[in-house]
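Counting with this note's numbering, you get residues 227 to 579 for the letters of the sequence shown.
No lab work stands behind these hints: they were computed from the structure.
Idealized CB from N, CA, C, for every residue including glycine.
Hints may contain errors.
Said to hold, decoys possible - In silico DSSO-like pairs for lysine-lysine, Cα to Cα no more than 27 Å straight-line:
no., residue 1, residue 2
1, 443, 375
2, 469, 440
3, 307, 340
4, 398, 572
To be verified - With beta-carbon atoms standing in for the labels, derived distance ranges:
no., residue 1, residue 2, range
5, 463, 315, 57 to 63 Å
6, 336, 457, 30 to 36 Å
7, 362, 322, 40 to 46 Å
8, 402, 336, 42 to 48 Å
9, 482, 457, 15 to 21 Å
10, 461, 557, 23 to 29 Å
11, 406, 445, 27 to 33 Å
12, 441, 338, 26 to 32 Å
13, 468, 490, 21 to 27 Å
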Amino acid sequence: MTDRHDKPLQTLNGNHIANRSFQSPSKMLETVFEVKGPLVFAGYINITHKALIHSNLKRGKTVVTDFLIIRTLAEEQNMRKAAERLFLSQPALSLRLQTIEKEWNAKLFLRSQKGLTATPEGELVIEFANQILQQREEVYETIQSLTSKVHGTLKIACASIVGQNWLPMVLKDFVQTYPEAKISLLTGWSSEIVKSIYDGEAQIGIVRGQSDWKGNKIHLFRDTLYLVDKEMTSIDEVLTTEKPFIQFKSDSNYYQEIQQWWQKHFAINPKRQIIVDQIETCKQMALNGIGYAILPSITLTGHEEVNKIPLTNNEEQFELTRDTWLIGYDAAFELPQVDAFVEIVKKHANNFR
């Protein structure tokens, strides 16, 4: 995962894609594919505040668009970034905020050089905006589920490596087949994917490695891990090379599995090591001859100018592999958009094997 905040607007088959990421790699990366229908938001409000807010709604003119503006300002805490996400100019957004604050008869945000800070009144309205947007999405989902077409939002949480190397072509197929659908995508470590399903942030998840998920679980594919280097042609050469062993470390069991494999086969540690926090960094450093790395086949296209040495045991069987799973609660798999996505995922998984 990358450490960037803003990313330029992209397109996928003519559909807008708005990307938003967080600084820490331990945080989830959220990407909302705006295909059709309303945006997805989550929120709640203290019931003791409802009477005050509803009384304001009865006499005011606040609409869903205003709630979206309030939510976006609260998330970005920056006028420029919020304006970019809302496809508005900063002056237009500033003027709209003034109108909203006038309708609520309260200052909702304080401006400073560091950005926007919600006032106590603003925090109250932000909570209410979250609730309204969430309820609107739920009603929309219910209405769309009554029709034969695949509508609504497909909420996916996906392991970063799969989201980067395999999922894009699956999503492209999905949005081309079901243009009325909308996709909300979270990417992160597998442990975060499971948590997002528990927390209701995602309907289904794609995870890597050993999964102890007790609900519905579909095996997608298994890929082999290779030792990748520009010069080495056998595994035993790692004991004599002066090149560093480049490893990707995360909270998943990927790093631990490689450590265990090494200790099982070699009596000494690598002479030199480089630890990075992104598997793509491992790959690029190995491809450029800086060191050697152990990479899953999902990250390799077959066109790289490197030696790929499969990790084997004495029986010449692949010993170190990574499984990819589709998980979710049974109720989620009954949703039309999820059912349609599962069929497309299975097709691509079969082609990948």
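Here is what the structure says about each hint:
The hinted pair formed by residue 443 and residue 375 meets the criterion: a straight-line CA distance of about 25 Å does not exceed 27 Å. Proposed proximity of residue 469 and residue 440 is contradicted: the alpha carbons are some 43 Å apart, above 27 Å. Of the pairs offered as hints, the one joining residue 307 and residue 340 holds, with about 13 Å between alpha carbons and a cut-off of 27 Å not exceeded. Our distance criterion of 27 Å between C-alpha atoms is met by residue 398 and residue 572, whose separation comes to about 15 Å.
The hinted window of 57 to 63 Å between residue 463 and residue 315 holds, with their beta carbons roughly 59 Å apart. Checked against the hint of 30 to 36 Å, the C-beta distance between residue 336 and residue 457 comes to roughly 59 Å, which is inconsistent with it. Evaluation of the 40 to 46 Å hint for residue 362 and residue 322 yields a failure: the beta carbon distance comes to about 19 Å. The supplied range of 42 to 48 Å is met by residue 402 and residue 336, whose beta-carbon atoms lie about 45 Å from each other.
Take residue 482 and residue 457: their Cβ atoms lie about 28 Å apart, and the range 15 to 21 Å is violated. At roughly 46 Å, the beta carbons of residue 461 and residue 557 sit outside the given window of 23 to 29 Å. A hinted range of 27 to 33 Å for the beta carbons of residue 406 and residue 445 is consistent with their spacing of about 30 Å. At about 46 Å, the beta-carbon gap between residue 441 and residue 338 misses the expected band of 26 to 32 Å.
Take residue 468 and residue 490: their Cβ atoms lie about 23 Å apart, and the range 21 to 27 Å holds.
Comparing the model with each numbered hint stated earlier shows that hints 2, 6, 7, 9, 10 and 12 do not hold.
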